[in-house]
Amino acid sequence: MATRTWVPPGGGPYDLRRTLGVLARGPGDPAYRTTPDGSLWRASRTPEGPGTLRLTAHDGQVHAEAWGPGADWLLEHLPTLLGESDAPAAFTPRHRLVHEAHRRNPGLRLARTGLVLESLIPSILEQKVTSDEAYRAWRLLLQRHGEQAPGPAPGGLRVMPDPGTWALIPSWEWHKAGVDAKRSATIIRAARAAARLEETATMDGPQASARLQLIPGIGPWTAAETLQRTHGAADAVTVGDLHLPRIVGYALTGFRGADDAAMLDLLAPYEGQRYRACRLILLSGVTLPRRAPRFSVRNFSHM
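Last residue of the sequence shown? That's 397 in the numbering used here, and every number before it is there in order.
It is possible that some hints are incorrect.
[Stated by the list, open to error] Estimated spans, in silico, between C-beta atoms of each pair: (1) S179 / L377: 16 to 22 Å; (2) L377 / G250: 26 to 32 Å; (3) R238 / R286: 16 to 22 Å; (4) Q301 / T259: 24 to 30 Å; (5) R188 / P246: 45 to 51 Å.
The hints are simulated quantities; they were obtained by calculation from the structure and are not laboratory data. Backbone N, C-alpha and C define an ideal beta-carbon position, used for all residues, glycine too.
Go ahead and model the full structure; you've got the sequences and the hints to work with.
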């Protein structure tokens, strides 16, 4: 076990769960776990191998413990993961709702993992399906093809497969997980270009987004969802989402039918910080009233 303690710069409030919660892919994510003692656990595949990270926050500090071949890498990059490179002071609320959400979440930072496939693959799984379908696929694929997290991790904590394993998952395994051929083919192409894609972690946002989108099947939506986590990209607003424009439009104006263009107009005052504004809007708790039942979860393995 290796350890490190991090103190948020500036001495202000810090919210560990709000900051890293965006990395969890559903409540049953095998690579992310919170335990009753308040610990937050993450299993990652780093450039140096698999690693497990346990985080606890108290007395204005975050204490980290790490295990496995990737332990040193995880601790070296701990400040960046926890949002040390983020600049929340650059954000100025322009709407009453955003101002209130900002006031209620003073410890929110934008995490930066520096691990591209870790965020890219689940984002591909989330393309044009319900969240429940995507979470189920991620969970089943990690349980079957991932590996046990190093160290004294909670039961069921798994490290995602390496690129070679992703590329060799047979078609029937994707089918069992409910992943259609288009998404599985995109993941396989990404896994085969893993080295080039992981290089985007050191690029600026537009350059990284452009390289990600060279892979057929990866568009602006998937690239933005990835950069929000890998880069802590404060301006990587998600365009092409089924729900986000209507949520933003309803939260800021009360209008139910906003599209991408209307959302971008509303977010224009937050240029450079549009993703942070969206995070705060989602954290405000304002939701669009439903007029129709939820989409039913499809099970592709029965098709």
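Going through the earlier hints one by one, which of them does the structure break, listed in rising order? The structure breaks none of the hints.
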